[in-house]
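S.K.: Here the protein sequences line up with chains A and B, keeping their order.
Plus 1120 on top of the position in the first sequence (first one is 1) and you've got my numbering.
Plus 4 on top of the position in the second sequence (first one is 1) and you've got my numbering.
No lab work stands behind these hints: they were computed from the structure.
Any given hint could be a false lead.
[Stated by the list, open to error] List of simulated lysine-lysine pairs, DSS-like, C-alpha gap at most 25 Å:
1. B/17 with B/55
2. B/125 with A/1342
3. B/198 with B/283
4. B/151 with B/31
5. B/73 with A/1284
6. A/1284 with B/94
7. A/1342 with B/283
Next come the chains, spelled out residue by residue.
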Amino acid sequence: MRILICLSNVPDTTTKAKFVNDNKAFDTAGVQWIINPWDELALTRALELKANAANGIQKVTVITVGKADAEPTIRKALAIGADDAVRIDAEPKDAYFVAAQIAEYVKTNPYDIIVNGIESSDYNGSAVGGMVAEFLNIPSVSAVSSLEVANGEVKITREIDGGKEVVKSQIPVLLVVQKGIAKEPMIAAMRGIMMAKTKPLAVVAPQAIDALTEIVSFELPKPKPACKMIDSENVKELVNLLQNEAKVI
Amino acid sequence: MSVLVFTENWDGKFKKQSFELVSYASKVAGMLNTQTVALSIGNVQEDELKKLATYSADKIIKVNNDNLKNLDNQAYTSVIAQVAEKHGAKVVIIANNNTGKALAPRLSVRLKAGLGSAVSKLPTSVEPFTIYKKALSGKAFANVVIKSDIKIITLSQNSYEFSENPKTASMETFEPVLDAIKTNVTDVQKQTGKLILTDAEIVVSGGRGMKSPDNWGPIEELAKVLGAATACSRPVSDEGWRPHEEHTGQTGKIVAPNLYIAVGISGAIQHLAGISSSKCIVAINTDKDAPIFEAANYGIIGDAAKVLPAFIQAVKER
């Protein structure tokens, strides 16, 4: 069985929002780039499954759509333990564009399980995974918080509003995973970092695909009014304000 | 032409978010001078379906098929696409919840329709079709133009003010064409008797400042007297003090209640990202410099062990 992890290269989650180019783009000056946190958990789970030979997983590949500046993030995934990597050499225009590129690659390089993080921490689209599945006409399961592989089938726990469902799916399948899929992201060891330098990283030319959406501008949230402080000896006043001023209780 | 809205049901019942969606769809339909078509998949009684008309649906379409008992993303996508095509939908509106996030991207490819997800207000323009959405996990917003002929919007929960505006809706049943289902739900575990965090209008949340899982009694008591759900910060769920379902924040659950009460939570940027859409935030913390006070509307500097009992008492006496 082969697993493909779709990686998004995103600004570190502590990054402050700033924009350039008439507020049309993120200000990436000084930004630390990381593997999208959910994608990192997906990779961790894939490697955990591969570590048990009984699961019959031969290969874990990571794929990303991005220019050469995404390579440090890809190398990090290789250092953590992915076997090889694919970079589709294009600026990610929108989710539809990215998903179409990944799907085109998978059509000629098939995988049994394709995994995406539930959203990217930059554009928060929650979109690429489901789109890839639809392009490939394969089943997809979203909000996946646990994954087991047995007898060529996948057993999944899916989070629903106020509960969980256990789902079995035929393969190939695309999974959109969230918190819970792995406990802690795996960390690259020194040996992994050395090995990552020589692991295969294929650079693939993109297909001609039109984006369906375009960001015209970013803006910051409206500043909140200053916090109204209430004396800790006078909690009654807080309840009064919540009831009569904010009208939320 | 129409605006199509997919309304999920829970054991045959709609929730507030279903009505929020239909109201929103009817406003978008108004902007486009067209009608609102509401689609329901599953076993929903006529009386319940009629409630969709109370929130301005012009047409209600019911699909009830045994193969659609469980959510299969391919099958549901196919049904929504068939209805969208039949009724010439120009815009399809879906909730930005787990189900919506599973279906909207597939539908986007199926209909070759650009997707605007986590939208929090009405389109700012219909020509070009421009939506306003969350970006950088709530640290920013983006104005996005959807260029395709058909558009898909997922609406963030509790982001849109709405009220009843009854219409006389027609009702019809639709028989979809379905392929073989490739996923199979073998077990369902539902939490019972507990308010669902993402549905709650009030959330009481505890952080590491609570010091020990044994100190959660007052958090639960305050939640009870307020009719609130309980939540926690990431360190608390990582430590195993509380179940991970309660973790709110960027990598946990994103919530948008009317009132979020943060007790002993310092307010790391990742936590704030998960709660920034709350209408009102109360912070209780011993550290006057905690960043949570910058995000909060009301704050108390003090120890939870002293403040919470007084808070509970004051709520009971109001």
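S.K.: Does residue 125 of chain B pair with residue 1342 of chain A here, judged by a C-alpha cut-off of 25 Å?
M.R.: holds, 14 Å
S.K.: Hey, residue 1342 of chain A versus residue 283 of chain B, does the alpha-carbon distance stay inside 25 Å?
M.R.: holds, 13 Å
S.K.: Hey, residue 198 of chain B versus residue 283 of chain B, does the alpha-carbon distance stay inside 25 Å?
M.R.: holds, 22 Å
S.K.: Hinted pair, alpha-carbon criterion (25 Å max): residue 17 of chain B, residue 55 of chain B. Please report holds or violated.
M.R.: The hint holds at about 10 Å.
S.K.: Hinted pair, alpha-carbon criterion (25 Å max): residue 73 of chain B, residue 1284 of chain A. Please report holds or violated.
M.R.: holds, 15 Å
S.K.: Given the hint that residue 151 of chain B pairs with residue 31 of chain B, test it: the Cα-Cα distance must not exceed 25 Å.
M.R.: Satisfied, since the Cα-Cα distance of roughly 20 Å is no more than 25 Å.
S.K.: Has the given pair, residue 1284 of chain A with residue 94 of chain B, been kept, meaning a C-alpha gap of at most 25 Å?
M.R.: violated, 34 Å
Checked against the numbered hints above, the structure breaks only hint 6 and satisfies the rest.
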